[in-house]
Every structure is written in C-alpha cells, then in structure tokens.
Amino acid sequence: MESIGIIAEYNPFHNGHLYHLKKIKEKYKDSVIILVMSGNFTERGDVSIIDKWKKTQIALKAGIDLVIELPFPFATQSADYFSYGSITLLEKLKVNKVIFGSECDNIKDLEIIADAQINHPDFDKLVKIYSKLGKNYPTALALAVKDLTQKEISTPNDLLGISYIKTIKKNNYKIIPETIKRTNSYHDEELNDDISSATAIRKALIDGLNIENQVPKFALEYLKDLHTIEDYFPLLKYKIITEPDLSIYSTVEEGLDKKLKKEITQATSYQDLINRIKSKRYTYNKLSRMLLHILCNFTKEKKEQFQEITYIRLLGFSKMGQQYLNSIKKELDIPLISKISRNKDPMLEFEIETTKIYSLNLDKEKQIALINKEYENLINKGENYD
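Residues in the sequence shown are numbered consecutively from 1, following our numbering.
Since the hints were derived computationally from the structure, they do not count as laboratory data. Owing to the predicted nature of the structure, the values given are computational and were not obtained by experimental measurement. Treat the hints with caution; some may be incorrect.
Calculated pairs, SDA-like style, for lysine to any residue (alpha carbon to alpha carbon, straight line, at most 20 Å) [said to hold, decoys possible]:
| no. | residue 1 | residue 2 |
| --- | --- | --- |
| 1 | K259 | K300 |
| 2 | K303 | E349 |
| 3 | K174 | E308 |
| 4 | K97 | K169 |
| 5 | K258 | K300 |
| 6 | K170 | Y282 |
| 7 | K181 | K170 |
| 8 | K239 | E301 |
| 9 | K300 | I248 |
| 10 | K366 | E221 |
| 11 | K92 | E178 |
| 12 | K364 | L235 |
| 13 | K261 | T299 |
| 14 | K237 | N275 |
| 15 | K170 | L159 |
| 16 | K261 | D272 |
| 17 | K261 | E221 |
| 18 | K237 | I248 |
Computed beta-carbon distance windows for the label pairs [to be verified]:
| no. | residue 1 | residue 2 | range |
| --- | --- | --- | --- |
| 19 | M1 | P244 | 53 to 61 Å |
| 20 | Y137 | K170 | 17 to 25 Å |
| 21 | E254 | K25 | 45 to 53 Å |
Every residue gets a Cβ at the ideal spot worked out from N, C-alpha and C, and that includes glycine.
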C-alpha cells in the first residue's frame with residue numbers, strides 16, 4: 001500500500017488544503033494519506049483558531065486516513081525543528097513520500113539549496129557575516145543561499161520544504177519529497193473568491209465576515225469557540241510581570257528579557273507588545289514564538305529535554321488508516337499512543353499542560369470537556385465531537 005505523508009496546521013482547513021488533497025488522490029488513487037498536524041499551538045507562535053480535535057474531525061472528513069499530533073516542542077519552533085519532528089514521525093510510520101505545497105514547484109532547486117545548506121563549507125560563515133551586518137536569520141540564510149547557488153528562495157512553503165529535504169538527507173530517511181504548486185499567497189490578508197490564505201480566513205473569522213466561499217462546507221460547522229492570541233494577553237502579561245528571570249524560556253535571547261520587562265506594563269495588547277519589542281534583528285514569528293514559550297512555560301531546559309520524538313500520538317483514523325497501522329505496528333520502534341494512560345511520556349505530560357492553558361479562554365464546562373478529551377479515545381471517522 002502506497003503511503004503519502006503531509007504536514008499541516010489546518011489553521012483553519014480551507015479550499016487550498018482541499019485542492020492539495022485532491023491532487024494527491026488524483027495521482028495516488030489507492031494510497032493511505034497520513035497527516036502530521038500541529039495541535040493547539042502553531043509554528044508561527046500563534047494559537048490554533050480551533051482546537052486539535054475539531055481539526056482532526058475536519059481532516060478525516062476531507063479524506064485523511066491517519067491524523068498524528070506533532071508535539072508542542074516541535075510544533076512551535078523554527079522551521080528546522082518543526083521539520084525534524086514532522087518528517088521523523090512520517091519516517092517512523094514507514095511513509096513512502098511526503099508531498100508539500102511549494103511556490104516554485106521545483107523539487108530539484110529545493111534539493112540543490114538543501115545540499116548547499118548541509119554540505120557547503122562556506123554556508124555557516126556567510127550566514128554569520130550577514131547576521132553581523134544586521135540581517136535577521138531568514139534574510140541572512142536567503143542571502144547565503146543566493147551567494148552559493150545563485151538561486152533565490154524566500155517564500156514560506158519553499159523554505160519549509162527545504163527544511164523537510166534537509167531532515168531527510170541529514171538522517172538518511174527513505175522518504176521521497178514531492179511538491180504541489182501552491183496557488184495563493186501565504187501572507188495575503190484579503191479574501192479571494194475561492195482559495196484564500198489561512199491568514200486571511202483567520203482575520204475574516206475574527207472580524208465576523210462570511211467565509212463560505214473559502215472553506216469547504218463540511219468544515220464550517222467546526223469554526224466556533226474561536227481562539228485568538230489576544231485572548232491570552234492578560235495571562236501573558238501576568239507571567240512576564242511576575243517571572244523573575246525571563247531568560248529561562250526558550251527563544252528569549254540576551255536583552256529581550258529586559259526589553260519585555262520594560263515594555264509590558266505599557267503594552268495594551270499582544271499586538272502592541274510585539275510592536276514595542278520588534279526590531280530589524282528579530283522577525284515577527286521569532287518574537288511570537290518567544291511569547292508563546294513564555295505563556296506555556298516552555299523553558300530552555302525543556303527544549304533540551306525534548307530533542308527527540310519519543311512517541312506517536314494518534315488523534316484520528318479512517319478504516320484504511322486502521323488497516324495501515326495494523327500492517328506496520330510490529331515495525332514501530334516507539335510507542336503508538338491512542339489513549340493516554342497514567343504512565344505518560346514526559347513530553348506528552350507537557351502536551352497536556354499546554355492544552356490546559358489553551359482551554360483557559362473557554363467557559364468552565366467547555367474547558368473541562370477539552371481537557372477530558374485528552375484522556376478519552378481518539379476520533380474515528382464519522383464520530384461527532386463538540
């Protein structure tokens with residue numbers, strides 16, 4: 001059975017994601033599709049607009065066969081960490097191919113760039129030189145790549161794709177990378193007639209606009225009890241004010257701890273705080289990840305502790321997905337977790353802690369329901385969840 005891996009956040013699921021799946025199904029008709037999905041928090045340092053269980057239900061209705069959770073320590077870090085966690089999970093699940101959206105849709109160019117970043121002796125030197133010239137890391141990386149390969153890649157999905165390829169090459173994984181042409185701008189904040197970016201759809205949802213043309217009908221019913229990062233600003237503000245040493249948290253670099261302490265009492269919102277601490281040196285995403293790590297108590301110590309994938313957490317499955325798991329389960333070298341027991345993996349225990357934080361913008365009854373869901377059976381295709 002051909003196994004196809006995809007990596008996504010579905011924040012939220014939209015017509016572009018459906019297009020991606022349809023293209024895969026057209027080319028690989030009898031394949032099992034395995035999704036590695038970030039849960040309640042995302043790589044950009046944001047909260048997921050709906051919880052991971054609703055995203056799982058949507059994914060199953062869209063035709064995904066297995067939904068696997070990407071743990072928080074990988075889901076909320078920069079591209080290389082995100083990619084390592086995601087691709088490693090797919091490798092452990094014996095996936096043949098990983099298929100991702102790409103702006104350039106040129107796998108050979110992406111592989112050339114990945115090889116340069118891994119193997120060229122001058123790559124790290126060039127990145128350091130550009131960093132010293134005041135460039136932020138993504139810009140320094142892009143400039144170094146251009147110097148070495150004469151190729152310019154700066155779009156988000158291509159950059160993430162390069163990280164996927166690097167993970168495969170560095171670890172000698174057997175997965176074959178493949179691309180599907182991305183048809184819209186990742187950063188576009190305006191709704192289009194059919195395929196719009198997740199950024200634009202989140203903004204529209206928050207503004208109360210109609211998104212029926214941008215999201216499949218089967219997904220619309222789940223877009224309720226929305227979460228936004230602004231909901232958590234009072235909690236974040238309290239944490240920054242009361243924490244004696246902010247430098248213990250992942251992504252907090254020297255000087256940013258003092259800057260945060262200085263600006264937090266004047267900041268009136270999450271966005272205002274970002275604006276107050278932003279500089280040419282730090283990207284918006286880097287600062288967002290830093291604030292999320294403070295909010296969720298993700299320390300540098302925890303980052304060091306959680307360097308490897310130690311379990312496979314199954315969130316949902318179809319009949320075909322169940323059959324696939326049965327065919328490979330004897331080959332798995334780490335635990336497959338479908339229901340959490342008392343003897344939990346430390347990284348899984350931390351995952352549950354982050355869910356409790358995520359639930360804090362809900363009323364008491366829904367908070368309890370969301371937390372209890374962590375200990376219940378996973379979602380089977382067709383099961384209802386509210």
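> Against the structure shown, which of the earlier numbered hints fail to hold, in ascending order?
Replying inline: 6, 7, 17
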